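Position chains W and C relative to chain F; hints supplied.
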Amino acid sequence: MSKYILQMNHISKTFPGVKALDNVKLEIEPGEVHALIGENGAGKSTLIKILAGIYDADPGAEFYFEGREADIKKPIDATLKGISIIYQDLSLFPNLSVAENIFIGRDSNSNSLKKVNWKHIEEIAESALKELDVQIDLNLPVEKLSIAQQQLIEIARALAFEAKLIVMDEPTSSLSAGEVEKLYKVINNLKQKGISIIFVSHKLKELFTVSDRFTVLRDGKYVGTYESKELNEDKLINLMVGRQVLYEKNKGGIQIGQTVFEVKCLSKEGNFKDISFELKQGEVIGITGLMGSGRTELAQAIFGINTPVTGEIKINGESVTIKSSEDAVKKGIAYIPESRKTQGLILEQSIINNISLPVLKTLRNAFGLISRKKEVDLANHYIKTLDVRPALPNLKTGKMSGGNQQKVVIGKWLSTKPKLLIIDEPTNGIDIGAKTEIHKLLRKLASEGMGVIVISSELPEVLAVSDRIIVMRHGRIAGELAIEEATQENIMNYALLGSKVSKENKNQGKGKVIVESGVSM
Amino acid sequence: MKSILKSKEMSIALIIVMLSIVLSFISPVFFTFENITDILKGNAVLGILAIGMTLVIITGGIDVSVAAVTTAVIVILGKILVFLPDSPISIVLMFIIAPLIGVILGALNGMLVSKIQIPAIVVTLGTMSMINGIILYITNGQYLNSTSFPKIFVKFANFEIFGISILIILFALISIGAWYLLKYTVIGREVLAIGGNKESSIRAGINFDKVQIFVYGFMGLLAGVAAIAQLSYTKAVDPNGLLGFEMQVIAAVVLGGANIMGGRGTIIGTFLGVLLLGIMQNGLILAHIDVFWQKVVVGAIILLAVTFDQIQYKRSKDKLAKIEVEA
Amino acid sequence: MNILKGLSKESVLGLIALVLTIGMCIIAPGFLSQQNISNMLFQIPEFGLIALGMMVVIVTGGINLSITYSAALSGVAIAIMQSHGYSILISILVGLVVGLLCGFINGFIVSKIGVSAILVTLGTMTLFEGVILTITKGNSISGFSEAYSLIGNGYYMGLVPLSLLIFVIFAVLTAILMNKSKWGRNVYMLGSNPIATLFSGVNTNKVLMGVYLYSALLAAVASIIMTSRYNMAKVDLGSSYLLQSVSAAVLGGTDIQGGYGKVMGTIYAVIIFQVLSSGLNLLEVPRSIVGIIMGAILILVLILNFVKAKVDEKSQKKAQQETLVA
Chain F
27 MSKYILQMNH ISKTFPGVKA LDNVKLEIEP GEVHALIGEN GAGKSTLIKI LAGIYDADPG
87 AEFYFEGREA DIKKPIDATL KGISIIYQDL SLFPNLSVAE NIFIGRDSNS NSLKKVNWKH
147 IEEIAESALK ELDVQIDLNL PVEKLSIAQQ QLIEIARALA FEAKLIVMDE PTSSLSAGEV
207 EKLYKVINNL KQKGISIIFV SHKLKELFTV SDRFTVLRDG KYVGTYESKE LNEDKLINLM
267 VGRQVLYEKN KGGIQIGQTV FEVKCLSKEG NFKDISFELK QGEVIGITGL MGSGRTELAQ
327 AIFGINTPVT GEIKINGESV TIKSSEDAVK KGIAYIPESR KTQGLILEQS IINNISLPVL
387 KTLRNAFGLI SRKKEVDLAN HYIKTLDVRP ALPNLKTGKM SGGNQQKVVI GKWLSTKPKL
447 LIIDEPTNGI DIGAKTEIHK LLRKLASEGM GVIVISSELP EVLAVSDRII VMRHGRIAGE
507 LAIEEATQEN IMNYALLGSK VSKENKNQGK GKVIVESGVS M
Chain W
311 MKSILKSKEM SIALIIVMLS IVLSFISPVF FTFENITDIL KGNAVLGILA IGMTLVIITG
371 GIDVSVAAVT TAVIVILGKI LVFLPDSPIS IVLMFIIAPL IGVILGALNG MLVSKIQIPA
431 IVVTLGTMSM INGIILYITN GQYLNSTSFP KIFVKFANFE IFGISILIIL FALISIGAWY
491 LLKYTVIGRE VLAIGGNKES SIRAGINFDK VQIFVYGFMG LLAGVAAIAQ LSYTKAVDPN
551 GLLGFEMQVI AAVVLGGANI MGGRGTIIGT FLGVLLLGIM QNGLILAHID VFWQKVVVGA
611 IILLAVTFDQ IQYKRSKDKL AKIEVEA
Chain C
1391 MNILKGLSKE SVLGLIALVL TIGMCIIAPG FLSQQNISNM LFQIPEFGLI ALGMMVVIVT
1451 GGINLSITYS AALSGVAIAI MQSHGYSILI SILVGLVVGL LCGFINGFIV SKIGVSAILV
1511 TLGTMTLFEG VILTITKGNS ISGFSEAYSL IGNGYYMGLV PLSLLIFVIF AVLTAILMNK
1571 SKWGRNVYML GSNPIATLFS GVNTNKVLMG VYLYSALLAA VASIIMTSRY NMAKVDLGSS
1631 YLLQSVSAAV LGGTDIQGGY GKVMGTIYAV IIFQVLSSGL NLLEVPRSIV GIIMGAILIL
1691 VLILNFVKAK VDEKSQKKAQ QETLVA
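Top to bottom, those sequences are chains F, W and C. Counting from 1 along the first sequence, just add 26 to a position and that's the residue number in the numbering used here. Counting from 1 along the second sequence, just add 310 to a position and that's the residue number in the numbering used here. Counting from 1 along the third sequence, just add 1390 to a position and that's the residue number in the numbering used here.
It is worth saying that the hints were derived from the structure and are not from the lab. Quick caveat: nothing in here was measured; it's all calculated off a predicted structure. Hints are supplied without guarantee of correctness; some may be wrong.
Keeping only pairs whose Cα atoms sit at most 16 Å apart, straight-line, the calculated EDC-like set for lysine to aspartate or glutamate is [as the list claims (entries may be wrong)]: (1) W/Lys493 x F/Glu148; (2) F/Lys466 x F/Asp413; (3) W/Lys632 x F/Glu295; (4) C/Lys1572 x F/Glu352; (5) C/Lys1596 x F/Glu352; (6) F/Lys306 x F/Glu288; (7) W/Lys629 x F/Glu259; (8) F/Lys100 x W/Glu509; (9) F/Lys75 x W/Glu509; (10) C/Lys1596 x F/Asp353; (11) F/Lys45 x F/Asp82; (12) F/Lys443 x F/Asp353; (13) W/Lys627 x F/Glu295; (14) W/Lys629 x F/Glu295; (15) W/Lys627 x F/Glu169; (16) F/Lys422 x F/Glu374; (17) F/Lys261 x F/Glu65; (18) W/Lys508 x F/Glu374; (19) F/Lys340 x F/Asp353; (20) F/Lys29 x F/Glu58; (21) C/Lys1570 x F/Glu401; (22) F/Lys425 x C/Asp1645.
Some chain F residues near chain C, calculated using beta-carbon distances under 7 Å [unchecked claim]: (23) Ser351; (24) Glu352; (25) Val355; (26) Thr368; (27) Leu371; (28) Ile372; (29) Glu374; (30) Leu383; (31) Pro384; (32) Val385; (33) Thr388; (34) Ala392; (35) Leu395; (36) Ile396.
Where a beta carbon is used, it is the ideal one built from N, C-alpha and C, also for glycine.
The following block holds chain F by itself, in its conformation from the complex:
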């Protein structure tokens, strides 16, 4: 009997065109919290999916659970063996009750006409929730719960299945700070019970708070497994990306011109209130804040999607009314949304069709019809200037990598020659090389006179691109920082507490020029 509850060795996975995992190993001890960490595309999710039985590993893999060879063909096999996986998008049934969501899956191998024992279901659900020390009405449909509560339901389900290993994939990505704290408590609680936890995340700070050991993956390869105490954030970043620093902080001190964009007392009920700021020519404003601070809602309101609003919006000193995204584009506003795959791009359509979409009006020939030539020229222009790869204008955008997809979206909006570009989570799901490239591009656009607003939850990113940083909290502007005085700490304090400096670390918060670690919200 080995000392590990889970042993995965020589795990490789080849997809058409890519080797997603190459001889990776993962060993988990009973009752430990184990962080699985790596950049986007490092292979974390692929490894988890093999563990879950969604993918088969390439031949040669060794996979032992509780000392026995694990034969996992489909997801439910893993669950029944005691491996529960909590996916980022959760696996709940919005229309079913809390109790049933906790119970579901146990009957999947039994006779279809077997009578459902509701009393038994409720008992199991109740005891699982009790174990977690939470109180939620068992009969409520899950769609009425907050994301944090839904996550607890998933954990309760794992407990109800007597899970010995729980995998949590980016569990904090949609939680508020308070909810994250509660989740940590739950995790500690599970650990006490001897349950092992694999914690998948790319947020370094939180990993140090909860994890005992780390396994680092890079580009589908195994980098190593480390005790928490032998690491610090710098070291971990180094292991993840293979170099010391993520981004350099923006130095500031640029020449700024007149005001290009201004909002005054912008409010929307249940979204944000009294938002006022100015954007000067040449500068980049970064807007940041926790989940639920209203940053994306604000951006979408300016872009005419989240309407109606009260207050005033001015472009080049001129007051404008924006009732729809069509109005916004007409007035010279471009918005690159957070979710590239559902909001930013039409994946089924070609690069050409995506880039030309907002400017079809300008691509018409003498008969008022779309000129294919103008369209192709336009697409080729941006493919060239933004170095989009592969440079195939007819390629469906769904077949491209994240970074190149983002370049297509940027190209699409540059084609509208916007006066103001709002970009929401500009480098979400993009590899590190492309990230810096996009940051450089944003700075260049601003220096050429375009108003640029960057919305991001990744503080190093905000610090790397912005000249001024607006921190939002509960739908209001909590504070504004010039880049020279901004640090991850004082931004965090605004975001969490609404003031620049927290009581305990009044003496900290002096500007560090280099951003060492990747705190994100």
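Relative to chain F, chains W and C alone:
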């Protein structure tokens, strides 16, 4: 308690009550035992099919071939009944053959939807066209009355318990059975689960294909029972009698609050939806309103119901998306 | 097999239509007779127009179940105007306006309120049918002027059926609008991903409204041809085309989930249906069997599509793995 009052079923029930009150003022006949049982009897076929359709719609599917399948079973029953002896065994045989044919035809739809992954509306359009063709080929569109059927069949069709027609009893049994199935069996819960979230159901080990085949098969089974009911009600084989009936079935289910996108729908809701359609029809007749107005009213009610439903859905979604803004 | 690979879906359908036509010429006696050919040419326009009207809606991911009843309502409006002695032009104009009004109701509820198309058009289908029934009491209305009947029965230059000419004009118009206009492009984009289209500054409500108006317009034009041809209007005018038009659009390659669909594909599918039904008719195959064959073709084509997609996927995987090894 509050949630019960706010539920969709409650609002339909309220509409039914109000409509009934108005109707009882218009016509004293409305609140008679006879009239009420007439309404139920006249809508038993619609009801039985709507119950099956509820399950299909809960999974996010649709079956426009129901009327064709029902008619096909009626035609086959008509052919067989002529040769059956005048004994109770014939009724038993009828209750074996009809559902069986229905299940086979329904499962065929289910196989095409699940295994070949063709959208349900297209599959059932195709099978509907084929089945209608076959019916036309066999019958030449000819009406066949029940004079050549065994006498026991006519007895069965007229059978009543305490003055309640066998058709109503059939409808009631099916409703209760389907309610039990949805609430208390594993497969019933799986129907709701796959309609709620396909991805989650696969992760939870639910056999997605199996559930889909079951749902369409069950729809077929009820089409078989509905065929018996229709044959008993009209006492004749009319190959064109149910032409276009599928739309009414879908309308009843939608009125009953089931969501065409899947995940939502109850037997009680559908039952009320059927009742609402039936009472409306009855009311128009009692109020001496031209029968031609019926469709106008039904169409308008469907539009109002789906519009209202959508607006409510949007509101609740907006509410969920709200952020706590600091005052 | 390799030759077929390079062809688009539409060209394959065109080939099938061609082969079918040649086959029918050989096996069906009298297929090339003047009477049969003129029969076919007179039937294609009405079916074709409705199929195109259906296709445009399906490209947005919707469906228009009310299309034939909105056509019938237009027809009834024209019939009433004509029988009251109004001029052809005014009658047709009223018919078009009535049709567009039907389209507007659909478009409004689908785009502004956001109800799914299948529910809305199910409701309006019943509503329009009811309105027609209330107006006509279930009877047919006739009393068209002589000149009006020329639209559906006359020839242009004594050779080309006038109705066919109308169809060709509208087919070309549809093709240009869908492929070359800003609106048409937006229709495809919206069908692929309505949210991303909205986020691209497109007024998706307007685009959707346009789709339902255009669908109703094509239906109204079809109803002009039908009423003129049959010399009457009644509630089930063209109702058999409802499901056939969905079949034709899907057989023509239109993706029922939206985002793809070509005018040419739909026209080929209409031709295939027409040639089959005329040819089988000449071969003295009962009409009922024709219905069975139509249904079977629809399902068969979809099964073939499914199998082809699986095979393509496999060969793609294989090719990629080979390049990976190399």
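Check: Was the hint right that F/Ile396 lines chain C, CB cutoff 7 Å?
Finding: 5 Å, holds
Notebook entry, point to check: Against chain C, with CB atoms and a cut of 7 Å, does the hint on F/Leu371 hold up?
Noted result: Holds: closest Cβ of chain C sits about 6 Å from F/Leu371, inside 7 Å.
Check: Hint check: is the beta carbon of F/Ser351 less than 7 Å from a beta carbon of chain C?
Finding: Since the shortest Cβ distance to chain C is 5 Å, the answer is holds.
Check: Quick one, are W/Lys627 and F/Glu295 close enough, alpha carbons at most 16 Å?
Finding: 15 Å, holds
Next item on the list: May I ask you to test the interface hint for F/Glu352 with respect to chain C, counting a Cβ-Cβ separation under 7 Å as satisfied?
Entry: 4 Å, holds
Check: Holds or violated: F/Lys261 with F/Glu65, Cα cutoff 16 Å?
Finding: Cα-Cα ~14 Å, so holds.
Checklist line | Given pair status - W/Glu509, F/Lys75, alpha carbons within 16 Å | finding: Given pair F/Lys75, W/Glu509 holds - Cα atoms ~14 Å apart, limit 16 Å.
Checklist line | W/Lys508 paired with F/Glu374 [C-alpha distance capped at 16 Å] | finding: Roughly 22 Å between the alpha carbons, so the hint for W/Lys508 and F/Glu374 is violated.
Checklist line | Supplied contact hint for F/Glu374, tested at 7 Å Cβ to chain C | finding: Because about 4 Å separates F/Glu374 from the closest Cβ in chain C, which is inside the 7 Å limit, the hint holds.
Notebook entry, point to check: Does F/Val355 meet its interface restraint, that is, does its C-beta lie within less than 7 Å of any C-beta in chain C?
Noted result: Given a least distance of 3 Å, the restraint on F/Val355 holds.
Margin query: Would the hint on F/Ala392 be counted as holding, given a Cβ-Cβ threshold of 7 Å to chain C?
Written below: 12 Å, violated
Next item on the list: Take the C-alpha atoms of F/Lys29 and F/Glu58, compute the straight-line distance between them, and say whether it is at most 16 Å.
Entry: 12 Å, holds
Taken one by one, the earlier hints fail for this structure at numbers 7, 18, 22, 32, 33, 34, listed in ascending order.
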